[in-house]
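There are 4 protein chains.
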Amino acid sequence: MNKRKVCIIVASRANYGRIKSVLHAVNEHPGLELQLVVEASALLYRYGSIIENIQRDGFTVDATAYTIVEGENPTTMAKSTGLAIIELTSVFERLKPDVVLTVADRFETLATAVAASYMNIPLAHTQGGELTGSIDESVRHAITKLSHVHFPSNDRAAAILSAMGEEPWRIFVTGCPAIDLAAQAITCDPGDLFVKYGGTGQPLSWDEPFLVVLQHPVTTEYGNSGKQIEQTLEAVSNIAMQTAWFWPNVDAGSDDISKRLRMFRERNTLFPLHFYRNFSPEDYACLLNKAACLVGNSSSGIREGAYLGTPVVNIGSRQRSRQRGGNVIDAGYDAQAIEAGIRSQLANGRYPSDHLYGDGKAAPRIADALATVELNITKQFIHGQ
Amino acid sequence: MNKRKVCIIVASRANYGRIKSVLHAVNEHPGLELQLVVEASALLYRYGSIIENIQRDGFTVDATAYTIVEGENPTTMAKSTGLAIIELTSVFERLKPDVVLTVADRFETLATAVAASYMNIPLAHTQGGELTGSIDESVRHAITKLSHVHFPSNDRAAAILSAMGEEPWRIFVTGCPAIDLAAQAITCDPGDLFVKYGGTGQPLSWDEPFLVVLQHPVTTEYGNSGKQIEQTLEAVSNIAMQTAWFWPNVDAGSDDISKRLRMFRERNTLFPLHFYRNFSPEDYACLLNKAACLVGNSSSGIREGAYLGTPVVNIGSRQRSRQRGGNVIDAGYDAQAIEAGIRSQLANGRYPSDHLYGDGKAAPRIADALATVELNITKQFIHGQ
Amino acid sequence: MNKRKVCIIVASRANYGRIKSVLHAVNEHPGLELQLVVEASALLYRYGSIIENIQRDGFTVDATAYTIVEGENPTTMAKSTGLAIIELTSVFERLKPDVVLTVADRFETLATAVAASYMNIPLAHTQGGELTGSIDESVRHAITKLSHVHFPSNDRAAAILSAMGEEPWRIFVTGCPAIDLAAQAITCDPGDLFVKYGGTGQPLSWDEPFLVVLQHPVTTEYGNSGKQIEQTLEAVSNIAMQTAWFWPNVDAGSDDISKRLRMFRERNTLFPLHFYRNFSPEDYACLLNKAACLVGNSSSGIREGAYLGTPVVNIGSRQRSRQRGGNVIDAGYDAQAIEAGIRSQLANGRYPSDHLYGDGKAAPRIADALATVELNITKQFIHGQ
Amino acid sequence: MNKRKVCIIVASRANYGRIKSVLHAVNEHPGLELQLVVEASALLYRYGSIIENIQRDGFTVDATAYTIVEGENPTTMAKSTGLAIIELTSVFERLKPDVVLTVADRFETLATAVAASYMNIPLAHTQGGELTGSIDESVRHAITKLSHVHFPSNDRAAAILSAMGEEPWRIFVTGCPAIDLAAQAITCDPGDLFVKYGGTGQPLSWDEPFLVVLQHPVTTEYGNSGKQIEQTLEAVSNIAMQTAWFWPNVDAGSDDISKRLRMFRERNTLFPLHFYRNFSPEDYACLLNKAACLVGNSSSGIREGAYLGTPVVNIGSRQRSRQRGGNVIDAGYDAQAIEAGIRSQLANGRYPSDHLYGDGKAAPRIADALATVELNITKQFIHGQ
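Protein chains in written order, with numbering that gives the first Met the number 0: chain F, 0 to 384; chain D, 0 to 384; chain C, 0 to 384; chain H, 0 to 384.
Derived by calculation from the structure, the hints in this document are not laboratory data.
One or more hints might be untrue.
Some but not every residue of chain H turned toward chain F, in silico, with C-beta under 7 Å [what the hints assert, rightly or not]:
#, residue
1, Ile67
2, Gly70
3, Asp254
We treat Cβ as the ideally placed atom computed from N, Cα and C, and that holds for glycine.
Using the sequences and the accompanying hints, generate a full structural model.
What follows is the structure, encoded as structure tokens:
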């Protein structure tokens, strides 16, 4: 029997952590053959050269595509998506996958969905049916309507997919593959993580509590990301605890954030702050597992954080409407509220594990479904289910 | 008070007829300023140089964009969409519209939706919430999830939009603007329509009954369009009645259809058949109003045909699931079934008018809504409404 | 020893005939491995689906790229070139050729030259150093300045390359590979050529003399190609001899020509005229070898025509400044002059063979040079040689 | 009389300094109207947001285009050029210039040349006929062969243009506009230049001598730029003098250079070194006028440096073959040779002014020529002049 060729697209740092366990599961499944495409910011030095992590992890990259039109604004986000469609089309024409798997909801993942669905290649999608803010919200649901197979994280997400007309047989509640890595991180040993990834700033120590900060621009609030990050900087500055800070994603507005971060560093050279470009997904999960509090607007706090019991202060609108466990305190773009939230979380300490986004076994379920699901591109809208 | 700048994109022959009444209504509305963009196959000689019709109709074109990558296959459909995103982004950056209006569900209209929504420009959409087959089905719903204002044709379409999570205040049931032109065609005088548009083949006469045939490739059945059109050709050949036949759209598979049509013509030079590239939307509606039967898979039979009472034989899967009135008989890709359908419709004659897709007054409703609706790009998924 | 990977790009009907003998020679050379890329109009049905000829001839195609932005005007010529650069870059990144070979001077060949030279891949070029009119003149010399190895047709072309600063060791006077096919055609048997290629119009016979017409738009005279072809049509109409007419290239203005040709056909259905899309290069050479006169502005009349002794009436500016043998009479865009030229050539009959563009042995010389030349991308302008 | 519309493209920091005096001269010329397009790295924060300088200088920007595909390698250089062609074509179609002026020889300027010449728009070019190394050498001459009017810096460059077949009436020896700014800088007052442009590192003082370093990657030596910059860093480190260092251009390899510069900074926080992104062209000329020595491979040392008498140590192959005055000492990629060169120049002090690249009056000559030259796109190769 021919193996089904499963083509998986990794477009960014975030993508990789959310799909890595599936890459392994597909590679090892007797009925599947992995075709791995690495593109967009996953190729770029400024965003951590994720492709090097991927290759170090032992995966073979079947195609790459440079698709980011530089500018980090809404105009170049759109143009990058257009260019990605042009490039991925050529990749799919060459690799001739039986099914394409796209991850989550970043702007460039819509390019994968358009290229595959227009070329009549069955499209599978993880993280469909979740609700958030930002352009991600629109992108995620648009991808759902272009997709033929869905791997939602939980029953509520599956219910949203059904409401949107998706046929029940196309929906597999598998949990989110990002949780697979979090599950392993529960027992991790951080070792020399703070040194291993270089970065710039003051040295950090595992023996003292530390914050992790990860705040991306909200593209639908383009023009405000500079002001927004100022509030976070002020709060973190007041807490005056060891802080591991990650540079933001390539989204529109990231330049404004980076500029403020660099200015803060120049003016506070002695603050116990260290900047990182990129951790491997496992090491990032391990970091979350040890962090006193995660601050920012990354979905990892709400998703992996729920499983790990990491205290989280979630800032602003990016994760609006996203289902959350008890580990999350919300704050607006307001230094005082952020600071109060962090202090409250530090007082509380870690939370019990919550399987809201998965139980750590998503990857084998996804691989099995990819091996057996009917690959039928004729969609039927089921109304009123 | 500043007028709202409404940017409308016309990408094809079909687009123009479905939005022309809105172009007029926006032009004449005191609170609105029209920005007209003509792109894609609407610029191309092979698809009727629609831009010339538009300019003859008195509209000023504010921007054009060549976006069709030649090849007429799924690969080039995707690439054309990517190129259109790149081009339209530049157009929007220059024109700075307050709201963009995109029409229906052809593959290239998704480019408009991506460019506008990624650039944080409010996006309005006509014909959302309808159900059909082909890639159009996926494209239409994906555009809905990227859109901020919806102008569905009827209540069932509005209910589908609600089920998909769209906020009620964003939805305006206006009817379809294509019906606005159909409403005027009820009393039209065909005059010299058969001569006016040139074309090739035998001369046709209004004094005898005639068929109209319009059959596009179904992109999700790419590779079969040649065989499919053979069945229609055989049925039409057996009916042996005057026939006005339109060349198909630029979609993947159109080359195969064109090839068969040319072969049929070469072999049956005396058959009372005439090929046309393009009619103005009004003249096309007038033609439908007089036709003994419309054959093929154009939505115009189901939509405008309902209003006009035109007998229709609808072939294959392209209009699957689309709501239809009593004027439509369905047939598979099967010469015998198609022929039987046509004979049955010829025996029946015209049907009473049905306002299923609108009452002919969509344009002023859409213009009013565009002038007054809140232009808020922060979408909220409403579940279970 | 590793074989050198020679990547050859076929972008059009004309390209193929001008490089086919080299494809064979590279395939058979012990020190070389052929990588064949077929792109642009060579993939398109409207331009003869050259890729099918190539595959029927037994070549393996390693990559394809759809690059033609439809519109056939100067704007889309430029855009197509931009898209081709984007696409070919991905192709070269994947195939990693040791040297790229580009053919002649059509607008899209500059894309090959930019992609290869910017990527530091040594670039070889045929037909450099020739002089003509049209944008081809600029394109050819621009490619020369981006190229690292030159295969000019004759000593004058080599002298022009030297004057332009090219280092002598990079220049190999090999003759033009198009002449290799012409040399074989001297003894060809036309057989059923007139039937084999389908086409439309009246049947033609080998037993009577016939004209061949091939007139492309001159892109630098865009807007005039319709008027220009009218003159040719009038002259050919007056001669009233059997005529095999080829549809023009994809260049800007080709639509205007095609429109007039179709109109002429509709109005003169009984004229002994047959339209063809495409002959294999060998069959085309065989046709030239039998033609009473070639009319138009194709370089084939001047190049292959010189070797074959075919009488030629060359029209207008496209071949201005091109070296020609005694077989060519020039005429302006003027029906009377064209007609007079044809009558003079018919009276004269065939000419003796002239090796101006090669002796029929270019391919093995090119293959040998590709196998042994130093592949050094550091160019040095030699002034005053 | 209608003014001629002159469209000038500024694509980078370097472009702007080399054309700024012409922007003024065209703006003020009674027979000309300026159309200013800013694109490529001139829009990007990482490369100094040159567009802000341009607007602060009072120029109106008529169009912008994001064209840089991120990656800084040969592949993305080519892709960026392809994208620029697509974008500039749309710009030219809208602005309909009478003549386009392109600057010098950076990779992206070839996009301007292709777009304009393919669209039959007359193309003018500065700095043609000069000889250097790198891909610039090929790009510059390829642009010459696509251009219709030439503004070389001096008689030798004009002679090279003639040798390449350019018609004499198309060639105007005007001097290089970059020298116009240098001429004004002779009497400049640096004021607070070292503070005005921000940057990072130690404060610098005008009262002590200082080096200026500007070393770009050599694209045809891609992969070596990291090693090459190490040699320069070692030499500068040994000299231990105040140093103003500019980040490199966007060319392939710039990431490797930036990485090493950042590492050096981290390890030598007390070295009297300051990094700058961008000076206005006048301020940069003023800096050169005061510098004890310019080190690196920027053409500014050889061009403006000749006029200003600035001592220069020119490193590596990028300026190979470029005509130079007595102010330049060449060194290989070798720390010892570079250090020796700098010490020799410091011992020598400033040189007398040399008008090798112009006398400071290029702009009015270029404006006059643009207003009066015949705009004829039919080129004729003149051999043996």
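Results for each hint:
1. Ile67: With Cβ-Cβ at 4 Å, under 7 Å, it holds.
2. Gly70: holds, 5 Å
3. Asp254: Holds - the Cβ of aspartate 254 of chain H comes within 7 Å of chain F, reaching about 5 Å at its closest.
Hint compliance for this structure: no hint is broken.
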